[in-house]
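Protein chains: 2
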Amino acid sequence: MTRIFVLARRPVGLPTIDDFDEISKNDEALGDGDVRVEPMVLSVDPYLRGRMSDARSYVAPFEVGGAISSAGIGKVLESHVDGYRVGDLVRGEFPWATSLVAQASTLWKLPVDQDVPPSAYLGALGMTGLTAYVGLVVLGQVTSDDEVFVTGAAGAVGSVVGQLARISGARVVGSAGGATKVEQLAKLGFTAGIDYRSSDDFAQTLRAAFPNGISLFFDNVGGSQLEAAIHQMKDFGRAVLCGAISQYNDTQLPSGPRGFEGFVVRRRLRVQGFIVSDHLALYREYLSLASQWVRSGQLQTLETIVEGFDSLPSAFLSLFTGGNVGKMLVRVAI
Amino acid sequence: MTRIFVLARRPVGLPTIDDFDEISKNDEALGDGDVRVEPMVLSVDPYLRGRMSDARSYVAPFEVGGAISSAGIGKVLESHVDGYRVGDLVRGEFPWATSLVAQASTLWKLPVDQDVPPSAYLGALGMTGLTAYVGLVVLGQVTSDDEVFVTGAAGAVGSVVGQLARISGARVVGSAGGATKVEQLAKLGFTAGIDYRSSDDFAQTLRAAFPNGISLFFDNVGGSQLEAAIHQMKDFGRAVLCGAISQYNDTQLPSGPRGFEGFVVRRRLRVQGFIVSDHLALYREYLSLASQWVRSGQLQTLETIVEGFDSLPSAFLSLFTGGNVGKMLVRVAI
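From first to last, the protein sequence lines stand for chains Y and X.
Under the numbering used here, the residues of the first sequence are numbered -5 to 328, in order.
Under the numbering used here, the residues of the second sequence are numbered -5 to 328, in order.
To be clear, the hints were calculated from the coordinates, so they are not data collected in a lab.
Model, not experiment: these values are computed from the prediction.
Heads up, some of the hints might be wrong.
Each pair may be met inside one copy or between any two copies, as identical chains are not told apart.
Taking lysine to aspartate or glutamate and the EDC-like style, the derived pairs with C-alpha atoms no more than 20 Å apart in a straight line are [stated by the list, open to error]:
hint: 1; residue 1: K228; residue 2: D48
hint: 2; residue 1: K228; residue 2: D272
hint: 3; residue 1: K228; residue 2: D139
hint: 4; residue 1: K69; residue 2: D48
hint: 5; residue 1: K69; residue 2: E87
hint: 6; residue 1: K228; residue 2: E279
hint: 7; residue 1: K103; residue 2: E87
hint: 8; residue 1: K103; residue 2: D26
hint: 9; residue 1: K19; residue 2: D229
hint: 10; residue 1: K228; residue 2: D244
hint: 11; residue 1: K181; residue 2: E72
hint: 12; residue 1: K103; residue 2: D76
hint: 13; residue 1: K19; residue 2: E32
hint: 14; residue 1: K103; residue 2: E32
hint: 15; residue 1: K181; residue 2: E297
hint: 16; residue 1: K228; residue 2: E72
Looking at chain Y on its own, in the form it has when it is part of the complex (with noise of 0.2 Å):
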């Protein structure tokens, strides 16, 4: 039997415990092509909120009823597909369950011979780092003279972010909710750290982190904290929108950045929204320069990792309440 955690319905606001159910099936047979799979390690993602809904998704949502997915590593555990053996890590996107049938073709193998932790291609050599890396580096075109400001610094994205403006020679500021996210903020090498919740005037913290204006601004929160950044931009500013999890819950469209236009004009203001499935092409390249980062230490791979199939649902929540840092992932089988 497999167990499966499935969308029970569709979420109003904040997504609760009753949102999701637990069912169990038969495993499936192996039709031609297939390879059966124990997922290992699930990755739980803000934007599975959005694939929650039926309106805000940009890929298929969910179905009422039908399971859950996300990027997982998993192991193979029986396959008559050439290149593919018992205990071969593959990462894929997975439903939320205890085993899988998938086509070998949709799966991509883990190198051998490596000297990272598997999960590490879930985060930092991951669709996670290539989403810091596409922002930052391939729309955002950091360079050396940048003055960069992050937001949900110490998340799955933002801390890749920091440490990528951080290699590319830039001064780096992300922002954090709570001591010790910031913390930790200091650990991955930022120039320095705002914890957004202790900040009476976020604002005017963010005028004296930045007296010379922000040239790149890498979001992954939007709200007060965009408007604050797009507020204190530098003239022929930069800014990428990666997320916005601040919104992600909201019942009603939430208010714009104000006086939006005219600082755009005025300082001549380039904003980019991007999702990194557009840009799956630059993987590879990614890959083998984060692969060198990694290995040298200049990359930290940051993760928290709850345990078990159960909390797979409690791990998706504690996101919009701040309980990660880094990736979020659930270890979901040996």
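Go by the hints and put chain X onto chain Y.
Chain X alone, transformed into the frame defined by chain Y:
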């Protein structure tokens, strides 16, 4: 004696006639490299509102008690400078004065042997036209596949944007205030026009005009029209922000486009603000192209000409109540 309009005080909100003063001065003597110019036509432009404030200007604000200045065409009255003869027509940044002394090196001599009216070099063949070109062609990279939306479409810049879009083969819809202006858009070859004043639900009207979404948005207006456009952008749409006339007289930071971050990320939008003065190096290229379009009749130079030096302040004020079709000019001398 020279008559000059100066800024009497910094306007608060919508400017009034009392924000201007007229003074008289004795004519200045010519220094080395100077010529004396009599302005014939002066341009009045929404961006001058920014220069009347001390905070919101991207170029030096006007001084209280100092002359208002704007682009103009004038006639050389007196010159000891090689290459500048009495009667030559020149373009420059002129004070709102009945005569002025300028360094010849700051002036641009109009092409002789021309078959277009001199005032066109303030409009479609001047900075106004270059503004449209930079935004639509250089930054917006318009192609014949585009579905273009331009606000303030019957205005100086907007009327050129629509024509350049039509020349590029794109579908182009413009918004303007009132039936007369919308009729004008048809004459200029816009695909369609929207009268934003008669539209009960502008967002709904815009959705109907762009059932497949807007791929390229050129904004002169800001506010609710910007918000509606952002909500109706296609995936990978580009928005080029040139101005926000609906907000120039706001005394508080205006609210921003609701749901902005969400739309920008999910639809991978690019939003780019610009100011034409950063792109003057492109003027020669633009003038060469646009002169041919004007001569062949593909590009019309739309103007509203107000008569008389005394009318300068009131002509400027009328910009904010929709008083102009095309470029707003004041003929201050024959």
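Okay, which hints does this one fail, numbers in order? 4, 6, 9, 10, 11, 16
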